[in-house]
Amino acid sequence: MYEQILSMIYGGIVYGSVLSLISIGFSLLYGVGKILNLAHGFFYVLTGYLAFWILPIFNYDIWLTISVSLIMITLIAGVVYLALIKPLQHSELNVVLITFALAFFMEQFIRAVWGSEYHTIYQLIIFQGTSEFMGISVINQSVFLVIVSLVLVAAFTLFINKSKLGRSIRAVSQDREAAQLMGINANRILLYTVMISGFLAGVAALLYLPNYTLDPVQGWTRLTDAFAVVILGGMGSLFGSFAGAYVIAFANNFTSIFIPNGPSWSHVVPIILILITLIARPRGLFGKKEIM
Amino acid sequence: MFKRAYEKILQLPGYLKIWVKSFTGALTVVCVIGLILLPFSSNTPTFQNVMLRTFTHALIFSIFAASWDFLAGIAGQVSFGHTIFLGVAGYVCAMLVKFLQFPMWISIFIGAFAAVLFGLIIGIPCLRLKGPYLALGTLAFSLIILLILIMGSLADYLFGGAGIPALPRLSNDPKEEYLYVLVFMVISFILLIRISKSKFGTILKSIRDDDTGSQASGINITRYKIYAYMISGFFAGIAGSLYALFITAVNPSGNFGLINSFFAIIMASLGGIATISGSALGAFFFIFIEYVLIQLGFGNWVYLIFAILLIFVVRFAERGLLKPILERLKDLFDIVLGR
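Quick note, the sequences are listed as chains A and B, same order. Residue 181 in the numbering used here sits at position 42 of the first sequence, with consecutive numbering throughout. Residue 452 in the numbering used here sits at position 331 of the second sequence, with consecutive numbering throughout.
These are computed hints drawn from the structure, not numbers from a lab. Model, not experiment: these values are computed from the prediction. Check before you lean on any hint, since a few could be wrong.
Straight-line C-alpha distance at most 35 Å; calculated DSBU-like pairs for lysine-lysine [what the hints assert, rightly or not]: (1) Lys173(A) with Lys444(B); (2) Lys326(B) with Lys225(A); (3) Lys320(B) with Lys173(A); (4) Lys225(A) with Lys251(B); (5) Lys173(A) with Lys326(B); (6) Lys225(A) with Lys444(B); (7) Lys251(B) with Lys301(A); (8) Lys326(B) with Lys303(A); (9) Lys251(B) with Lys173(A); (10) Lys225(A) with Lys451(B).
Please put together the full structure from these sequences, using the hints given.
Shown next, in the form of structure tokens:
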């Protein structure tokens, strides 16, 4: 029992770190530009596949592969914004349709190029092996992931609150027209936001996926998880996404450990949390009131 | 009331005469006659067993796409989980036909009513969501239902990943099957177009364009949105039951797969959103291209090509591909008739 509780906490923290990296970008993009990126989950999966593709080319050099695939996913996110989202910004419906089509395209592209079977990128594990901690064995890579995630989230919060670019991002999210009148190029700010969200999803993928398998369907499940996080934490709220990610991850791990047939039920937990939040408190735990 | 109905029936022949002479009327009549005559055009086994089944498939999906178009285009509630209706109706219909030996015609309608019930269940929580959230919320719903159905531990109650195989067909003669589905399709389209042009449809359009404004004019938008869900669910359910009997099996990934929602969206977008009849053209165009691509040996690339096509349609042709073509045709029609 004691061990189970510990491993639940451990699993919750690890998955929460992954989810917070994914959903912070997702939520920020909505907060800044009212853009709901349904292809966000596929930025995450695509990074894994890009790394899988690049690895042999770079002779299994870990750091080169990681940096090149991160640059690639950031550029892809930027191109997606410039080519597809920016011309359709005026209509939220068209943005949703085009990102849905893009997500579908990415899924089919992955299936067509790399096949539907499972692949692994275990070569990318930076810290090999496991260690004992309070009676349970923890994967070193996951501990590293948690640390990186916390550091990135802290750095990101500082960046948003203190730097000039971060202040412009906040300005655009509060009032786009007024920000433009003050001389901020809102489209460029949105471009940077999309690229940041792609980068954060990429980091999550490169640190989390080496211990697991690559599978195109993950693009959709990560999207629903991120959606649950964002609904729970409140649209456009950074702290909300951070806290919501850990809540969802703990709920997920709790069901998969303590409930009979848990692992299959754990995918259903997010939707139940979404439903409860929507009925009881539609704007989320930390959301601004006017958004919903 | 009866008097008014009687007067309307008396006016009907005259109205039909004017309607047939108009462009849309003439085009519709030509299309419907063409569709009725289609199965008799050739008697070769390939045509009867392959081509005609492809057309039946297109007919079923045009009902499905039209129901999506009604919800998204007319009522403004974009749903990415429309496949839920297809799947629920298919499963209910399949269960009734296979295990309870219900007659097919009754089970098709019971399946559709089950989909209406699901429209209610999904509609109520989703009413709090607007625009893109609604889309994502319905997407999440359909993914979760898919995951629950695939779950091994519930296989005893929900049939697991294998679904229900070996259902009876609508009719063993492909010609008859085609004509039955055609009847369903024509009636569904007439009803959907009539609803969207009635007062009820106007109210839905006003909610789509400005829901605060229509609320201020005394419209109970919650009630009308739920009605829209239920109507759309009913027609999607009809399509779902027919689809289950058409492919003679139901399984989670085939009936609840995201791909079906994607099909509905791409068909309606090809034909032009908010024109119910556009989705029939879109469905035929889509199934035709799919058939050609498979014949040319691009079977594995079909979905990829369609995803690219959808991206291009949404990005460059917001009004759909077929609507502008039809407008050109209409100009030609007017010139020919000397108007």
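Structure-based check of all given hints:
Distance check on the hinted pair: Lys173(A) and Lys444(B) sit about 29 Å apart at the alpha-carbon level, within 35 Å; holds. A hinted pair counts as satisfied when its Cα atoms are at most 35 Å apart, and Lys326(B) with Lys225(A) qualifies at roughly 27 Å. For the given pair, Lys320(B) sits about 33 Å from Lys173(A) by alpha-carbon distance, which is consistent with the 35 Å threshold. Taking the CA atoms of Lys225(A) and Lys251(B), the gap is about 21 Å. The hint holds against a cut of 35 Å.
Using a Cα cut-off of 35 Å, the hinted pair Lys173(A) and Lys326(B) holds, with the two alpha carbons roughly 23 Å apart. Of the supplied pair hints, the one linking Lys225(A) and Lys444(B) holds, its CA atoms being roughly 25 Å apart against a limit of 35 Å. In summary, the hint linking Lys251(B) to Lys301(A) is supported, as the alpha carbons are separated by about 33 Å, within the 35 Å threshold. Between the alpha carbons of Lys326(B) and Lys303(A) the distance comes to roughly 44 Å, so the proposed pair goes past 35 Å and is violated.
About 12 Å separates the Cα atoms of Lys251(B) and Lys173(A), which keeps this hinted pair within 35 Å; it holds. For the proposed pair Lys225(A) and Lys451(B), the alpha carbon gap of about 34 Å is at most 35 Å, so the pair holds.
Of the numbered hints listed earlier, the single one contradicted by the structure is hint 8.
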